[in-house]
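**Q** The lines below spell out each chain.
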Amino acid sequence: MAVARSLRRTNPITIALAGLLAVGFLIFIFSSPSTAPINVPGARQLLKSKEAASHALSPPSLPFLKSNLKAGEEAPPPPVVHYHMNNVTTTADPIANRESILILTPLARFYQEYWDNLLALTYPHELISLGFIVPKGREGNAATAQLQERIKKTQAGTNKKRFASITILRQDEEPPLQSQAESERHAMSAQKERRAAMSRARNALLFTTLGPTTSWVLWLDSDIIETPPSLIQDLASYDKPIIVPNCFQRYYNKDKEAMDVRPYDFNSWIDSPTAQNLAAKMGPDDILLEGYAEIATYRSLMAYMADPRGDPKQIVSLDGVGGTALLVKADVHRDGAMFPAFPFYHLIETEGFAKMGKRLGWGSWGLPNYFVYHYNE
Amino acid sequence: MWKRQELYHHPYVRVTCKARVPSRQYIPPTISFIALRGRDVIGTPVVQLSSGLAPRGPFHASGELHPTSSSLFQVSTSWMLPLHASAAPKSKMNRHAYSNGHTGAYPLGGRGSFSIQPHKFQPRSQPALRRRRQLLIRLALVGSLLFAGVLLFFPSLRAAALPALSLGLFAGHEELQLETVRYYDLSNVQGTARGWEREERILLCAPLRDAAPHLPMFFSHLRNLTYPHHLIDLAFLIGDSKDNTLTLLSDLLAELQVDEQPGMAFGEISVLEKDFGQKVNQDVESRHGFAAQASRRKSMAQARNWLLSAALRPTHSWVYWRDVDVETAPFTILEDLMRHNKDVIVPNVWRPLPDWLGGEQPYDLNSWQESETALALADTLDEDAVIVEGYAEYATWRPHLAYLRDPYGDPDMEMEIDGVGGVSILAKAKVFRSGVHFPAFSFEKHAETEGFGKMAKRMKFSVVGLPHYTIWHLYEPSVDDIRHMEEMENERKAREAEEKAKQERLEKIQSQFDDTQGQWEKDRSDIESIKKKAQEEEEAVAEAKRQATAQQIAEKQAQDEAAYKAQKAQQVAGGKPVVGKQAAAGAAAGAGAAAAADAKVHDESGSKPRVEAKDGKGHIIDADDIPVVGGGRKTPKEDTL
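These protein sequences, in sequence, are chains D and U.
Each step along the first sequence adds one to the number in this note's numbering, with nothing skipped, and position 126 is 126.
Going from the second sequence to this note's numbering is simple: count from 1 and add 377.
If we strip away everything but chain D, and leave its shape as in the complex, we get (with noise of 0.2 Å):
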């Protein structure tokens, strides 16, 4: 122990006093640029996937840093914020490559079911933003009030699991149904408005959310109520631009007296001759529907290829698409496949969006025998 004698003599306290002014000295010495200008002015910034943008200014996919200023201190000016979007990959592996991904939910009706399905979600919380779109009307603020209350929740801070950013959204024009009750919902009058209405919703959801980091988008309508936990590295481990799962029913069999499944979902399909010859005398603003008896359209439905005891890896090519789950290359939405509101070779919303993407050379596909599961009212 041959410490010098001046050390021995020094009160500890000085010592202490001292360390930390060095500590003091080191974080001024090593404190790196990065973090340091945040909020100089004219700083330039490169956001990467996930990172929080350091202003209010920025893609709502992102979270970003609250602002302590007090009152009438001046924010600073927006940074420059580059985005490297040649490095936003889509791969058949988003997790290892830290993919994040958009999940979208036009939210007609508030479902516990379905927000507990997405806690469940096993993709990494912090790679994974929501976007909701919620219609005007008494409906629309009922479900926002609840959507707010679990959110509140589940984004405290504590909460390790909770998602990189929520935007919600409400919508600027009325739905055109008052009811949204299922029959009449599915009254093939009012489908072409209806969903036009719902392609114009998507589409603001979409283009206003989607940000410069994203690489997949996942819509999920407000009434999937059962997925499986993996369902985004399922769908993503397919490397397919537009992908779907087989959406079905649970609902109570009065003939079998037990719970059973029946197909849900009808517009992903395989086009056919008899279809392609109804849309060739079509005028050019009626629209072709399925699951209608009115229109045999004689197409292929993926609802009825569906095998429970079939290799759940079976994948069928498609010309249409539902919109119930389905999952998106970033990249096919930012080539401008959208959902159209308008015919668009005689098809509407998400069977016009997989044409559209068909038309930007981006394929639909299907998985019959993967299944998820659509609320029974």
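Quick caveat, the hints were computed from the structure, so don't treat them as lab data.
C-beta atoms are modelled at their ideal positions from N, C-alpha and C, and glycine is treated no differently.
Heads up, some of the hints might be wrong.
[Claimed, not checked] Reference listing, derived: stretches of chain D covered by chain U, where coverage requires no fewer than 3 residues with Cβ under 8 Å from a Cβ of chain U: (1) 84-93; (2) 120-127; (3) 207-219.
[As the list claims (entries may be wrong)] If you want the footprint, here are the derived chain U segments under chain D, 3+ residues with CB under 8 Å: (4) 643-650; (5) 773-785.
With chain D's structure known, arrange chain U on it following the hints.
**A** Just chain U, lined up with the frame of chain D:
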């Protein structure tokens, strides 16, 4: 002096000490409780001596403590004065003496560690912390060095480590500082005619590619915009640039944001870097070639869509598309276009031209009204064909916004259009929100901005052009123009060379003329001298005649005397002067004719170059006045960008 007594470990303690006074001690002891660990031990407990002090007699002391559950403290008894050693009471004094009713809580019953032996001075026993001070200091030094080293080599850890050290007390955890939830009502961002009053945000989009030469001009336009800058968000997409567009843009933007002038800084600024791997060159010729149009328009559309989808936010009421190569535009263009309150609106786009091309020219031919011919044409084309305007290959007979311009027309006049040009488009954000975009495929036989106009029309949005509100696109000479300008330049040079040659010739001739003048003078002087000589000769002859006459007279006089002889002599002399006179006259006439002939020669050689010079000058003037070529040149057809 201090004797370690006992360590107690209990939440609430009432301690009673019982000990014996040393034999020679008369001073009351000091009893203290020293906390070894834990914060809440009440400093010095109230110590009461419950019995009087007598040498070697027993005494009691008690005190109350409120330690925390983890406190560890010791009870000490001390006397002020040195005492001699006395081992005798030791065994008896080693009784622990305390009680607070929680007997079971004390693990030290019967250990007999309570001992008071203040018989002599003893060095204060060192607590562990003090005893191992050097070790601790060394450990701390090594630790901080390691820490510094880690921070030095792993900069990524700094962000995590530093706030915890420096601001940890004030800032809290970073997670708590992040805002993750946003709520927007889209009915607030519909876009109105007086957006600047309602603080409506505009997204200004500019796709860039090899645009470095135009950036300074573009930024001067940005600075001049009168719409409140903080309400304008800028978004740039840089793709496949081979020049320094990116660095230049970044520098200019940073400069713009720190400008000291208040209100100069813009809102959110996004620079998106994305290479699409386009093959088409960006120079004018390859950009505007017909064959390249369809694929070029599609990739341009793709770039525009990427830019828009990444930059459009729920806060935007308007979207303004602006090319960087606009040379002149009103500062109030945003307000001017917004005032019309249309869903999609474009101004007229012209470009200035050099005088020899006619001064100005319609530039953007993509803003047009649909025509029956074009619709019929569209039906004949296959699914992937793209009609591009301004090429002879597709004669569409559409009314173009550009050709309807009247420089003195009402700038507020509106015109319904179907296709729009992309140089300067102001659109309500709700148009883009509803899904209208720049088709990168053939949408109703159109792509990019024309397809955008078509799609907006399809979705029942109003699409309007302003024929008499003009902005001016930069004039970039096409390859033809450049060639032509080279020709003109060569011509000019040739003309200058010719002029110079003529000048030289003129000078030469001038100098030659001066020579002949001299010659003439010389000749004249020669002639004059000859004339003089002739005169002299004449005079001499005359003199001689006179002399001869005189001689004759003299001879006559002499011959008067001799009449025969004199008569004969007079006959000879009379013929002689006649001959001499004739010769002199002939000589003079010859000299005059020669001089006249000489002068005529001079006149001819002098007047001819003068005529030539006049001709030359006239030619130069004519060359300036008469357009050489290109005055009636067919103006090249161009489309935007």
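**Q** Broken hints, numbered, in rising order?
**A** Of the numbered hints, 2, 5 do not hold.
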